[in-house]
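Please model the complete structure; the sequences and the hints are all you need to start from.
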Amino acid sequence: VGDIIKQNLNPDGIDRRGFLQCMAWAGTGTLCVMQGGVLRSFVFGTDTNYSSALAKTDFAFAQISDSHIGFHKAANPDVTATLREAIAKLNALPHTPDFVLHTGDLSQLSKADEFDTLEQSLKDVRTGQIYYVPGEHDVLNDNAAQFRERYGKDTKGDGWYSFDHHGVHFIGLVNVLNLKAGGLGYLGPDQLAWLKDDVSHLKHSTPIIVFAHIPLWSIYPAWGWGTDDSEQALAYLKKFGSVTVLNGHIHQVMQKVEGNITFHTAMSTAFPQPAPGTAPSPGPMKVPEDKLRSVLGICDVNFVRGRHTLAVVDSTLQAESTAPAAASGASQ
Amino acid sequence: MIRRALAISCLFALVGIAAVASTNVRAHADDAKLQTVSVTIHNFSFNPKEITVAKGTRVTWTNRDDVPHTVTSSQQKFRSKAPDTGDQFSFTFNESEAYAYFCSVHPMMTGKVIVQ
Chain S
1 VGDIIKQNLN PDGIDRRGFL QCMAWAGTGT LCVMQGGVLR SFVFGTDTNY SSALAKTDFA
61 FAQISDSHIG FHKAANPDVT ATLREAIAKL NALPHTPDFV LHTGDLSQLS KADEFDTLEQ
121 SLKDVRTGQI YYVPGEHDVL NDNAAQFRER YGKDTKGDGW YSFDHHGVHF IGLVNVLNLK
181 AGGLGYLGPD QLAWLKDDVS HLKHSTPIIV FAHIPLWSIY PAWGWGTDDS EQALAYLKKF
241 GSVTVLNGHI HQVMQKVEGN ITFHTAMSTA FPQPAPGTAP SPGPMKVPED KLRSVLGICD
301 VNFVRGRHTL AVVDSTLQAE STAPAAASGA SQ
Chain P
333 MIRRALAISC LFALVGIAAV ASTNVRAHAD DAKLQTVSVT IHNFSFNPKE ITVAKGTRVT
393 WTNRDDVPHT VTSSQQKFRS KAPDTGDQFS FTFNESEAYA YFCSVHPMMT GKVIVQ
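As you go down the protein sequences, you meet chains S and P in turn.
The numbering of the first sequence is the working numbering, which starts it at 1 and goes up by one.
The numbering of the second sequence is the working numbering, which starts it at 333 and goes up by one.
Keep in mind that the hints were calculated from the coordinates and are not lab data.
Only a predicted model underlies this, so the values are computations on that prediction, with no experimental measurement involved.
Worth double-checking, as some hints may not be accurate.
Here are some chain P residues pointing at chain S (derived, C-beta under 7 Å) [what the hints assert, rightly or not]: (1) 394; (2) 406; (3) 413; (4) 419; (5) 423; (6) 437; (7) 439; (8) 442.
Derived BS3-like pairs (lysine-lysine); straight-line CA-CA distance at most 27 Å [what the hints assert, rightly or not]: (9) 413/P to 153/S; (10) 413/P to 73/S; (11) 409/P to 444/P; (12) 444/P to 291/S; (13) 381/P to 73/S; (14) 73/S to 123/S; (15) 89/S to 291/S; (16) 89/S to 156/S; (17) 381/P to 180/S; (18) 111/S to 413/P.
Pairwise CB distance ranges, derived in the manner of DEER restraints [unchecked claim]: (19) 382/P to 116/S: 39 to 45 Å; (20) 368/P to 78/S: 36 to 42 Å; (21) 153/S to 392/P: 37 to 43 Å; (22) 154/S to 424/P: 32 to 38 Å; (23) 77/S to 374/P: 19 to 25 Å.
Ideal Cβ placement from N, Cα and C applies to all residues, glycine included.
Below, the structure written as structure tokens:
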């Protein structure tokens with residue numbers, strides 16, 4: 001795990017070691033705040049600075065991911081129950097999210113009844129709207145036709161789109177289609193051309209939030225945790241002062257800062273996956289039943305306008321009593 | 333009584349050997365049409381990753397993972413649906429060539445069937 005953030009090649013003053021520490025603790029409920037490129041972290045709910053940071057929130061939205069409705073194996077025999085718990089967690093947030101992003105793998109096998117169950121459950125979320133991007137499990141046998149029919153009627157191409165909210169530009173990308181043998185996630189030339197055009201009219205000071213299923217940074221290519229042509233997409237975003245990339249797919253919290261771009265992956269609402277390279281494969285990971293809810297959760301993001309501050313808070317369905325194993329390796 | 337049972341068992345065994353032998357002969361005679369080979373999908377990989385088979389061989393893939401995988405020809409010669417745990421996909425290879433394939437859901441999973 002300690003290898004994920006390699007040496008700091010950019011003389012930008014960002015304390016990546018500190019960020020790594022934050023990464024390791026994020027899953028247990030740490031508030032990570034970016035302020036002018038400097039990362040600050042507060043322990044969730046115990047630090048008074050945490051409350052003051054939240055008090056200045058201009059608007060908030062939330063991210064959930066990887067619900068895998070239809071999955072019923074040992075790693076979690078009741079994924080609908082844990083999704084409902086995640087919804088309860090969303091509804092109990094200190095700031096009601098203006099909207100919720102679901103970053104893919106709504107279903108396990110792209111089945112109509114799985115999507116139906118997800119939609120029925122998400123009706124209970126107290127928020128303005130839910131935006132979706134597909135995961136590879138949602139597009140299994142029909143090249144995303146059903147997914148677009150249900151969730152992407154106003155989208156472009158294979159389902160990508162953008163919208164503006166309180167001066168922040170949000171971009172939903174699709175990187176689970178037309179995958180190439182031996183490759184990773186894939187955006188493709190049509191989507192890249194659209195992205196280039198979509199951001200061309202924006203001021204460089206516009207905060208940008210990109211969301212897609214598979215990570216847009218290379219986390220662990222041996223397990224497919226990366227996107228083949230993400231470098232090209234990120235090149236179009238380099239001129240902007242604040243870019244945040246939100247992904248799912250790997251069922252665990254990871255963060256990285258690279259120049260002006262902050263990357264973040266969310267927990268699943270269904271089951272955990274192993275840390276990179278710690279198991280024979282990235283398949284669903286069975287943890288003791290009483291630990292399951294400490295590795296599932298939601299992510300909410302609080303945006304403070306004028307201060308270029310984005311507070312990303314990951315919180316688990318249930319508090320974990322001990323620190324994760326990654327914490328010890330992260331401080332080395 | 334016991335002796336008769338043993339004798340009958342031996343007879344069945346001999347018939348069994350004869351049946352296998354004749355199957356082999358027929359397989360060669362009919363371009364090995366009855367040959368079948370199995371590939372297991374486990375831990376996000378095809379096992380064995382590469383196989384060499386005779387023309388006419390039917391290859392069956394079985395998914396032993398908790399996630400769906402596909403068997404997709406890189407040259408678009410065949411494409412399975414996404415079999416769930418325990419599901420199978422079969423394809424009979426009638427041309428002598430090397431067939432590269434991958435899982436279209438997890439494309440880092442690749443394999444090859446060499447048909448001779």
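Quick rundown of the hints versus the structure:
no., hint, verdict
1, 394, "violated (16 Å)"
2, 406, "holds (5 Å)"
3, 413, "holds (5 Å)"
4, 419, "violated (10 Å)"
5, 423, "violated (16 Å)"
6, 437, "holds (5 Å)"
7, 439, "holds (4 Å)"
8, 442, "holds (5 Å)"
9, 413/P to 153/S, "holds (25 Å)"
10, 413/P to 73/S, "holds (20 Å)"
11, 409/P to 444/P, "holds (13 Å)"
12, 444/P to 291/S, "violated (40 Å)"
13, 381/P to 73/S, "holds (26 Å)"
14, 73/S to 123/S, "holds (26 Å)"
15, 89/S to 291/S, "holds (17 Å)"
16, 89/S to 156/S, "violated (32 Å)"
17, 381/P to 180/S, "holds (18 Å)"
18, 111/S to 413/P, "holds (13 Å)"
19, 382/P to 116/S: 39 to 45 Å, "holds (41 Å)"
20, 368/P to 78/S: 36 to 42 Å, "holds (38 Å)"
21, 153/S to 392/P: 37 to 43 Å, "holds (40 Å)"
22, 154/S to 424/P: 32 to 38 Å, "violated (45 Å)"
23, 77/S to 374/P: 19 to 25 Å, "holds (21 Å)"
Hint compliance for this structure: hints 1, 4, 5, 12, 16 and 22 are broken, all remaining hints hold.
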